[in-house]
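J.: Starting from the known structure of chain X, arrange chain V on it as the hints suggest.
Residue-level listing of the chains:
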Amino acid sequence: MRPGIATRALTVMLAVATLATAGCKREERRFREVPPAADATTNVVMSTLQPGPSVVSVATEHPYDKDAFAIAQGQRLYVQMNCAGCHGLAGGGSIGPPLMDAKWIYGSDPANIFSTIVEGRPNGMPSWKGKLSNDQVWQLVAYIRDMSAQHRKDVRTSRTDDMAAIPDDQNRNRQTPRPSTNAPSSTKP
Amino acid sequence: MILQAPRYTQQSMVDPAGPKAAMVDHFWHFLIITASIVTAVVFITLLIALFKRRRPVEPQEPAVHRSLTRWVSASAAMTLVIIVVFLVLDFRLGRAIATVPAQTPLRVNVIGHQWWWEFQYPDTVPSNWISTANELHIPVGRPVLLNMSSPDVIHSFWVPNLSGKKDLIPGHATETWIEADSAGVYRGQCAEFCGLQHAKMALLVIADPPAKFNQWLTASRAPADEPGDSTAKAGKQVFLTAGCSVCHAIAGTNAGATVGPNLTHFGSRLSIAAASLPNNRGNLGGWVLDPQRIKPGAMMPPNGLEPDQLNAIIAYLEGLK
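Chains as they are written, first to last, in the working numbering: chain X, 1 to 189; chain V, 190 to 510.
One chain only, chain X, in its complex shape (with noise of 0.2 Å):
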């Protein structure tokens, strides 16, 4: 027997109701992180050599990966803690590394990101320990994996707060990372 009228309105209304559900998820905004993801810095290993038995690492798993919110606030932080003022506005790159390419120097994970930021690098990168919360932190690590579209699509802005000479990030390609051998830039001109 076919199906009538109703039933197929209902079967649409469903799936409807149901990508509807999963797109609340994108925009949740958590203003108060819960301990575990706010403690994140000890978990952060960042070399497989290490004394003693080998432990298995576990991959700390980033707490705002599927969060568009998150990851405008960390474009807000972006600005405002001056990271644009060496890594470009857009993560182009001037007098430090470039952030929107396929290249890096210290990994891409969300947890080497993360503690590059909280204890800074040699050559010019500054600590942001006890400066910034873990929360605004993972929040940055969300908006520098954005700039080389690291997110799913439909978690990536589809405009830009500013005017841009690149194309906004639901339009940018992923950029495959790998890792750099390169030293990091020294003070040479």
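Be aware that a few hints might be false.
Said to hold, decoys possible - Mimicking DSBU-like on lysine-lysine, the simulated pairs with C-alpha atoms at most 35 Å apart in a straight line are:
hint	chain 1	residue 1	chain 2	residue 2
1	V	K422	X	K131
2	X	K103	X	K129
3	V	K355	V	K401
4	V	K422	V	K401
5	X	K66	X	K153
6	V	K510	X	K131
7	V	K510	V	K354
8	X	K153	X	K129
9	X	K129	V	K422
10	V	K355	V	K510
11	X	K129	V	K354
12	X	K153	X	K131
To be verified - Here are some chain X residues the structure puts well away from chain V; computed CB gaps all over 10 Å:
hint	residue
13	M13
14	K66
15	G85
16	Q136
17	Q170
Hints listed in this document are in silico derivations from the structure and should not be mistaken for laboratory results.
We put the beta carbon where it would ideally sit given N, CA and C, even for glycine.
T.: Just chain V now, kept in the frame of chain X:
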């Protein structure tokens, strides 16, 4: 959670405290009274028509027909006259409130942030330039020209007792003026929905006699006082080493960031958190530790300070008179 608000004159559009608000208030009263009279006349006529004893008439009777035509024409003409009078007066009022009075105005830059107000008092000498937050000090009897801008979204400046609304638009400079007739504290409110904490984006206009205002201006140009006792000294250290100085500035120290409100003379402010709480030890402590409880979504993150650090930083900030 009920938040006790700082003391101010009751926020009201029909209680004008300046010439601009008075003009709007007069026009508003004229509109209301005229409209009430018209409504009363219409309803009385309707009631008369309803309860009048009916007598059989021939509609085609020429005398009745003429009388009705006269009534309708007279009412239509009266309506037209009233509307034209409204229009002319409205146009004149619009011109009057858009024109800054001839007297040399005081210039203040108003910057609407999510979710607080920044007020800058520019000066030809750079070191005299002041930036303060959420409390606009103005002299009584002198027009104040407000140059307005916004770095994030559209806000709207509205102090009902002094002036109507004017939007602050990103990328587009706007200006308006206010003037206070009598000294007092007047509350204002952001009047354009601007996000999560729009409702708690208030401001206080503090109108003082010119001499007192100049005294305030001179005092505000000075750098912050050095902390006196050891607790406040420790507080300064906490301020400079913890996250505070990444966003806030205090003149006379190394903290010079412009992301959050300037705290140089914080201790002399009446309110905190964009005029949502009175400025006292308890509120300040609660705000510093967890702003997200008072204003969820505000840009300031929670600060996990130790009790003695918190005590010290409160002592330092409250001492910045």
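J.: Next, verify each hint and record whether it holds.
T.: Hint by hint, here is what the structure shows:
Restraint check: the Cα-Cα separation between K422(V) and K131(X) comes to about 20 Å, which is no more than 35 Å; the hinted pair holds. With a CA separation close to 24 Å, the supplied pair K103(X) and K129(X) stays within the 35 Å bound. Distance hint between K355(V) and K401(V) is fulfilled; the C-alpha atoms sit about 28 Å from each other, no more than 35 Å. Restraint check: the Cα-Cα separation between K422(V) and K401(V) comes to about 30 Å, which is no more than 35 Å; the hinted pair holds.
A threshold of 35 Å between alpha carbons decides the hint, and for K66(X) with K153(X) the separation of about 10 Å falls inside it, so the pair holds. This hinted pair checks out: K510(V) and K131(X) have alpha carbons roughly 26 Å apart, not beyond 35 Å. Using a Cα cut-off of 35 Å, the hinted pair K510(V) and K354(V) holds, with the two alpha carbons roughly 32 Å apart. A distance of roughly 31 Å separates the Cα atoms of K153(X) and K129(X); the hinted pair therefore holds under the 35 Å criterion.
Pair hint K129(X) plus K422(V) holds up; C-alpha atoms about 23 Å apart against a cutoff of 35 Å. A hinted pair counts as satisfied when its Cα atoms are at most 35 Å apart, and K355(V) with K510(V) qualifies at roughly 32 Å. The hinted pair formed by K129(X) and K354(V) fails the criterion: a straight-line CA distance of about 43 Å is larger than 35 Å. The straight-line distance between the Cα atoms of K153(X) and K131(X) is roughly 31 Å, inside the 35 Å bound, and the hint therefore holds.
Look at M13(X): its CB is around 31 Å from the nearest CB on chain V, clear of 10 Å, so calling it non-interface holds up. For K66(X), the requirement that its beta carbon stay farther than 10 Å from each beta carbon of chain V is met, with the minimum near 19 Å. With a closest Cβ-Cβ approach of about 13 Å to chain V, G85(X) is found to remain outside the 10 Å limit, as its non-interface label requires. With a cut of 10 Å on Cβ distances, Q136(X) falls inside the contact zone with chain V, its closest approach being about 6 Å.
For Q170(X), the requirement that its beta carbon stay farther than 10 Å from each beta carbon of chain V is met, with the minimum near 21 Å.
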